[in-house]
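Participant: Sequence:
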Amino acid sequence: MPPSFEAVLWLALPLTELGTRDAIRTQAEAICQGGFQFRGEPLQVGLTMQAFPEGFGLYLNRKGELEAVGQDINQRRTLIVMMGHRNLSVLCFDGGSLRAAGSNSNGPGFWPMFEKAARSAGVTQPDYGFLMAAIASNQSQQLSVARGRLFDFSEPMTACLDTYWQAVLTYWQDQVMPQLEAVNTEVIISGGASSILRSRLSAYFTELGLSQRVLFTEVSPRRLEALVRGLPESAQIPSMTLRMADSYGLFRGLIGTLDSVAV
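FYI, my numbering numbers position 30 of the sequence shown as 30, with every residue one higher than the one before it.
Be aware that one or more of the hints could be misleading.
[Stated by the list, open to error] Just the calculated beta-carbon pair ranges, DEER-fashion:
{"no.": "1", "residue 1": "T124", "residue 2": "M177", "range": "31 to 41 Å"}
{"no.": "2", "residue 1": "E41", "residue 2": "L150", "range": "55 to 65 Å"}
{"no.": "3", "residue 1": "E6", "residue 2": "A100", "range": "25 to 35 Å"}
{"no.": "4", "residue 1": "L47", "residue 2": "V145", "range": "43 to 53 Å"}
{"no.": "5", "residue 1": "P178", "residue 2": "P112", "range": "19 to 29 Å"}
{"no.": "6", "residue 1": "V145", "residue 2": "A7", "range": "38 to 48 Å"}
These are calculated hints, taken from the structure and not from any lab test. From the three backbone atoms N, C-alpha and C, an ideal C-beta is built for every residue, glycine too.
Model the full assembly from the supplied sequences, consistent with the hints where possible.
Facilitator: Quick look at the structure:
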């Protein structure tokens, strides 16, 4: 490694924290100006940093897919829906630009809905992990710490899914549905919690006649799948590839801007 080099950093920030990007950049540049020590050798780093909203990597992924078949993403409206454990976010891109008026990150997250429903169903905190495993695997028979035996979590599973679904449905109808007035609008659904409601979402969009305009980011690039398989956490977190799709798209976008690095 040379004693002095340039580093390019693309950072994904939650939509509500995007306003802090200048402060983050200033602080990061100040840290780099002070230099580093690596194995006793001084290192000087020149940092170039850009911040993007979480979900922009998914947009770049779709942009690349369309370009591969001769289509231009700028000719359509693209809604990126990210269903996370903390919240649900929507990014609206119109003509290739982020439209702030159609974007927000105040939708319901899976975890708050899960906790609410689990408590109402009589599940205590020591069993939260096993209830989560039941939902993720669709296998209701799981170990219960509170009961000291195998337990059928069918009723709590249904309660959690119903509670989350109703919250997502309300948000969709209030925040996303009005943006579908343009016939060239495409919706891309991702996030670690999206797989939990996959069947319900598919049935809902089919009923509305929207199935051809809604895409699920279930098929990931082979390189990403290979990368995730090498991580020890992947066995315990089946949705890890789905969770990493956004950051991987951002990484590929960054690599594509660097002439000196082979894509």
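Participant: A separate judgement is required for each hint: does it hold in the structure or not?
Facilitator: Checked hints:
{"no.": "1", "hint": "T124 <-> M177: 31 to 41 Å", "result": "holds, 37 Å"}
{"no.": "2", "hint": "E41 <-> L150: 55 to 65 Å", "result": "holds, 57 Å"}
{"no.": "3", "hint": "E6 <-> A100: 25 to 35 Å", "result": "holds, 32 Å"}
{"no.": "4", "hint": "L47 <-> V145: 43 to 53 Å", "result": "holds, 47 Å"}
{"no.": "5", "hint": "P178 <-> P112: 19 to 29 Å", "result": "holds, 24 Å"}
{"no.": "6", "hint": "V145 <-> A7: 38 to 48 Å", "result": "holds, 46 Å"}
Hint compliance for this structure: no hint is broken.
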